[in-house]
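Now for the letters of each chain:
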Amino acid sequence: MVKKSGLLKTMVGIFLTIIITSGVYAQADKEYYTLKKYRKWGLVAGPALYNRAEIYRQYGDYTFENKPMLGFNAGFEYDFYPDRKWSFITGLVIALEPVYNVHYHIKIEDIYSHFEEDLIDSFTSYSMSSFSTPILIRLNIQMKEKVFISFLSGFKVKFFPPYEALLIYSISNEDNTESREIFGLNLHSHDNLFHGSFVIGSGISIAMKKVLLKTNFIYVMNFQNTFEGEYQFGNLLTSPPTRGDYELSGNYLGLVFTVSLAKRKDK
Amino acid sequence: MVNRKTMLTMVGLILTVVFAPEIFAQSTIEYYALKKYRKWGIVAGPILYDRAVLEPQYGDYTFDNKPMWGFNAGFEYDFYPDKKWSFITGFIVALEPVYKVRVNIKKEDVYSHFEEDVLTLDEKYYAMTSFSAPILLRLNLQISKRIFVNFRTGLKAMYFPDGSASLSWTFHNEDETEAREVFGLRVESPYNWFQGSFVIGTGCSYATKKLLFKANMIYVMNFQNAMDGEYLFDNMFVSARSRGYYKLSGNYLGLVFSASLAKKKDKW
Chain A
22 MVKKSGLLKT MVGIFLTIII TSGVYAQADK EYYTLKKYRK WGLVAGPALY NRAEIYRQYG
82 DYTFENKPML GFNAGFEYDF YPDRKWSFIT GLVIALEPVY NVHYHIKIED IYSHFEEDLI
142 DSFTSYSMSS FSTPILIRLN IQMKEKVFIS FLSGFKVKFF PPYEALLIYS ISNEDNTESR
202 EIFGLNLHSH DNLFHGSFVI GSGISIAMKK VLLKTNFIYV MNFQNTFEGE YQFGNLLTSP
262 PTRGDYELSG NYLGLVFTVS LAKRKDK
Chain B
375 MVNRKTMLTM VGLILTVVFA PEIFAQSTIE YYALKKYRKW GIVAGPILYD RAVLEPQYGD
435 YTFDNKPMWG FNAGFEYDFY PDKKWSFITG FIVALEPVYK VRVNIKKEDV YSHFEEDVLT
495 LDEKYYAMTS FSAPILLRLN LQISKRIFVN FRTGLKAMYF PDGSASLSWT FHNEDETEAR
555 EVFGLRVESP YNWFQGSFVI GTGCSYATKK LLFKANMIYV MNFQNAMDGE YLFDNMFVSA
615 RSRGYYKLSG NYLGLVFSAS LAKKKDKW
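Taken in sequence, the protein lines are chains A and B.
The first sequence begins at 22 in this note's numbering and counts up by one.
The second sequence begins at 375 in this note's numbering and counts up by one.
Among the hints, erroneous ones may be present.
Covered by chain B, according to a simulated footprint, are these stretches of chain A (three or more residues, beta-carbon under 8 angstroms) [said to hold, decoys possible]:
1) 101-113
2) 204-217
3) 237-247
What follows is a list of derived Cβ distance ranges for each label pair [to be verified]:
4) B:Asp491 - A:Tyr147: 55 to 63 angstroms
5) B:Pro420 - A:Glu185: 51 to 59 angstroms
6) A:Lys88 - B:Tyr580: 56 to 64 angstroms
7) B:Ser518 - A:Ile225: 42 to 50 angstroms
8) A:Tyr77 - B:Thr582: 56 to 64 angstroms
9) A:Leu187 - B:Ala553: 44 to 52 angstroms
10) A:Tyr80 - B:Ala614: 33 to 41 angstroms
11) A:Leu282 - B:Ile517: 31 to 39 angstroms
12) A:Ile225 - B:Tyr406: 36 to 44 angstroms
13) A:Ser191 - B:Thr436: 40 to 48 angstroms
14) A:Arg264 - B:Phe505: 57 to 65 angstroms
15) B:Tyr499 - A:Phe136: 56 to 64 angstroms
These are calculated hints, taken from the structure and not from any lab test.
We put the beta carbon where it would ideally sit given N, CA and C, even for glycine.
Please work from the sequences and hints to get the whole structure.
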């Protein structure tokens, strides 16, 4: 279900990119005089909210909860035709990549007797930063003299070398003479150094005296999961072991602020 | 091997991100000779996939992998066909390779009734076709009135659902009462349905009265292998078992011909 939904979204996006934009583009090469004074380069920054990881239980009754994770995007972009209705954007963006944000709940009967209540805990981990380059098609529509609405769609390539992460949670008995590893999560990213993704987004631009300020919401769908692995609950006093697979798509919703300076007047 | 691939891809990215916009900023030249052609074009041409690479784990036996032919066909849309700098997208169908192998087995490793010194198996196999959409940055330079040289670079997304394939080679004894499988190859494509790649290429355009004809050489580098798998030589009479991994990058060199018709005269 998850896979089909992702596939559908991506295909709709690609369809939009190739067919609709090309078709609409053919109708107009409009230029906006208001936007002529801004530079093609812009600084980009903003928060990103990564989708929660999915888990697929193989056997056993235990499970845990995965929460969405916050990250950031920062870098620069280059708009080839900032003053035109249709343009193309590329750039270089750095992002903080999530690994896991897990919340689990172990019942009191499965842990040593000196614990007085259920064991509830959470852990969050980020990996190294990734570097990515988008190639986006951008449509700008003027709403007021200084306000524009934009729509973005395209691809992104991300440089993200293979990475491994391990989370192990152990508990000890009251006098610390014995310990049990009760939860483990073993994750890895893919062998390939580059990852592809599909980008779609929309936002608003405000043309001010010295800067062009753009605010866009983007959704990034990776062609492959950022992290995959497996989890295990074991060595529990009462419950049998539980094992399953973990998949983090790395897809995210981003709020991207962009600032492009006005050119000097003599230019 | 990975380092070389990384190097090539990073060089391409640098070209795409840094170099191209800088040059672009210098001029927005328009070519009058190209104004009369449509933005849509039909694309077709042969491609040559890189040979697969083996990573032996143990044993002395191995086999040869050959480069494989394929094709590209579809259409492209050039956003500014008459400008020095433009962007191209489109839709391409390609025939995807799986393996093209030559396996040699020595006489002493099979039943004694085989008379050849070396027994050879030649097999090739293609998967289903893939569908892909590129977004490319294109630079056009005028060489003569009707001839242009172009350079292109960008990204491509390919729709290629996961699948698997296998090949085995079995020998029978003379009276066919016994059989031994001496070679097996099992490969599978990645789990994800979409795969990304980096595209770089160059070529020339020739503007005729009714047609703009382009011929480009492109090289496509996938971000992940198109096929991964393993091979096994086993059940041989003398030689020990051999095992290893099979990796087909799916990278290819393509010769891409495209043709765009001239618009009707009342349209320009």
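Range first: 42 to 50 angstroms. Now tell me if the beta carbons of Ser518 (chain B) and Ile225 (chain A) are that far apart.
Because 47 angstroms falls inside the window, the suggested range holds.
If I claimed the Cβ atoms of Pro420 (chain B) and Glu185 (chain A) lie 51 to 59 angstroms apart, would that claim hold in this structure?
Since Pro420 (chain B) and Glu185 (chain A) have Cβ atoms about 41 angstroms apart, the given range 51 to 59 angstroms is violated.
Can the suggested window of 55 to 63 angstroms be confirmed for the beta-carbon pair Asp491 (chain B) and Tyr147 (chain A)?
holds (60 angstroms)
Count the residues of the segment 204-217 of chain A whose CB lies closer than 8 angstroms to any CB of chain B, then report whether that count reaches three.
That given contact holds, which follows from 7 residues of the segment 204-217 of chain A lying within Cβ reach (below 8 angstroms) of chain B.
Quick one: are Lys88 (chain A) and Tyr580 (chain B) within 56 to 64 angstroms, going by C-beta?
holds (59 angstroms)
Can you let me know if the beta-carbon spacing of Ser191 (chain A) and Thr436 (chain B) is within 40 to 48 angstroms?
Given a distance of about 45 angstroms, which is inside 40 to 48 angstroms, the answer is holds.
Just to make sure I understand the rule, a stretch counts as covered if three or more of its residues have a C-beta closer than 8 angstroms to a C-beta of the chain. Does the segment 237-247 of chain A meet that for chain B?
holds (count 3)
57 to 65 angstroms was suggested as the range; check whether the CB atoms of Arg264 (chain A) and Phe505 (chain B) agree with it.
violated (37 angstroms)
How does the Cβ-Cβ distance of Tyr77 (chain A) and Thr582 (chain B) compare with 56 to 64 angstroms: does it lie in that range?
Once the Cβ atoms are compared, 58 angstroms apart, the range 56 to 64 angstroms for Thr582 (chain B) and Tyr77 (chain A) holds.
May I ask you to test the hint 56 to 64 angstroms on the CB atoms belonging to Tyr499 (chain B) and Phe136 (chain A)?
At 58 angstroms between Cβs, range holds.
Holds or violated: 33 to 41 angstroms for the Cβ distance of Tyr80 (chain A) and Ala614 (chain B)?
holds (38 angstroms)
For the range 31 to 39 angstroms, tell me whether the beta carbons of Leu282 (chain A) and Ile517 (chain B) fit it or not.
holds (38 angstroms)
In summary, the numbered hints that this structure violates are 5, 14.
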